[in-house]
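A.B. asks: Take the given structure of chain A and dock chain B to it, following the hints.
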Amino acid sequence: MKISVCGKGGSGKSTVVTLLANEARHKGLSVLVVDSDESNSGLFRMLGFAEPPIPLMELVGGKKNLKEKMGQPNILAERQIPLAHIPSQHILRRNGLMLVSIGKILQALEGCACPMGVLSREFLRKLRLGENEIAIIDMEAGIEHFGRGIDTSIDAVLLVVEPSLESITLAERIRGLAGGIKKDLWAVLNKVNSESLASRLRNELSKRQIDVIGVIPNDSTIFEACLEGYALGQGEATIAAEKVLDSLLSKR
Amino acid sequence: MCLSTVYINSGERQKVVMQDVAQMKANSDGFLLIGLLGEEKFVKGQIKSVDFVDKHSVVLEKMQKERLGS
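Protein chains in written order, with our numbering: chain A, 1 to 252; chain B, 1001 to 1070.
Isolated chain A (complex conformation):
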């Protein structure tokens, strides 16, 4: 199963990705996290890795050396990419938790992220998962990834919605875009600490034909981990994330 985690910038996509990945590990699944956000750089820390992986973009030379290295063979040119074929320097592994990164914008004036979009789309299209494996994709904020076709090979979209009108209206747009490519979509509410607020948000999303499958509270352990750059630990949010994961897995 390939799950794309989408939403407004700052809504907590990377946090939700990390919580779901940790819970999937606890259930004995092998989890590949795909960092498909070319801006944010801290996902590896949240997942408890000391360093980020070398981006897959480097397989084709990175943006700087793209033209020089483009003609050389690499796994991205293969018809299928099982997890075992990903070169070790490009994938971090720890107890069944794995992380790959598509690429990051590193310098001013380096140009657009189009090559990363293509690479992300092709990697996800060719990625072959076994019975006990799932992939959770940390998408870039907003909706451009739909325009680039990155979501075409995923099985479902998980929308992260925070308590703001901006987040809700973007959720509606994402529902339309995901529907346009016939993808299942569910929402998870994030940073929501009261049942009354959750109820208001559920109601607003229901008007927009979006089902909510979980509510993740503000959790002081997450706040502290994000502030200091620690791996996310156990907290209230962990229990909520387990329910979200169970719900997703039941829809396989």
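Mixed in with the good hints there might be a few duds.
[Said to hold, decoys possible] Dumping the calculated DSBU-like pairs for lysine-lysine here, alpha-carbon to alpha-carbon at most 35 Å:
hint: 1; chain 1: B; residue 1: K1055; chain 2: A; residue 2: K104
hint: 2; chain 1: B; residue 1: K1055; chain 2: B; residue 2: K1041
hint: 3; chain 1: A; residue 1: K126; chain 2: B; residue 2: K1041
hint: 4; chain 1: B; residue 1: K1044; chain 2: A; residue 2: K2
hint: 5; chain 1: A; residue 1: K2; chain 2: B; residue 2: K1041
hint: 6; chain 1: A; residue 1: K182; chain 2: B; residue 2: K1015
hint: 7; chain 1: A; residue 1: K183; chain 2: B; residue 2: K1015
hint: 8; chain 1: A; residue 1: K126; chain 2: B; residue 2: K1025
hint: 9; chain 1: A; residue 1: K126; chain 2: B; residue 2: K1044
hint: 10; chain 1: A; residue 1: K104; chain 2: B; residue 2: K1062
[Unchecked claim] Simulated restraints, written as ranges between beta carbons of each label pair:
hint: 11; chain 1: A; residue 1: R94; chain 2: B; residue 2: S1049; range: 49 to 57 Å
hint: 12; chain 1: A; residue 1: G42; chain 2: B; residue 2: S1049; range: 40 to 48 Å
hint: 13; chain 1: A; residue 1: L249; chain 2: B; residue 2: I1047; range: 47 to 55 Å
hint: 14; chain 1: B; residue 1: K1015; chain 2: A; residue 2: K207; range: 43 to 51 Å
hint: 15; chain 1: A; residue 1: G9; chain 2: B; residue 2: E1040; range: 31 to 39 Å
hint: 16; chain 1: A; residue 1: L227; chain 2: B; residue 2: F1042; range: 26 to 34 Å
hint: 17; chain 1: B; residue 1: S1010; chain 2: A; residue 2: T169; range: 39 to 47 Å
hint: 18; chain 1: B; residue 1: S1057; chain 2: A; residue 2: I181; range: 19 to 27 Å
hint: 19; chain 1: B; residue 1: K1015; chain 2: A; residue 2: G147; range: 22 to 30 Å
hint: 20; chain 1: A; residue 1: G142; chain 2: B; residue 2: D1051; range: 19 to 27 Å
hint: 21; chain 1: A; residue 1: T169; chain 2: B; residue 2: M1063; range: 18 to 26 Å
hint: 22; chain 1: A; residue 1: S41; chain 2: B; residue 2: H1056; range: 24 to 32 Å
These aren't lab readings, by the way, just hints derived from the structure by calculation. Every residue, glycine too, gets a C-beta built ideally from N, C-alpha and C.
C.D. replies: Only chain B this time, still in chain A's reference frame:
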């Protein structure tokens, strides 16, 4: 998307030659196309049109002399 799809006119229809083309190198009778993920393909023809904004496409057609001779 900045990466382009290269087509060649084939009768009334356009046929896709390669998608996600990152580089085109011209020689006397055609173009070497190089895709982002490493594939390469040579195609004979000349450029008919390039759309940088909407379709991100390059349309090739057979050379004039080739068509006259064929």
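A.B. asks: Run the structure past the numbered hints and jot down the numbers of the failing ones, going up.
C.D. replies: 4, 10, 16 and 21
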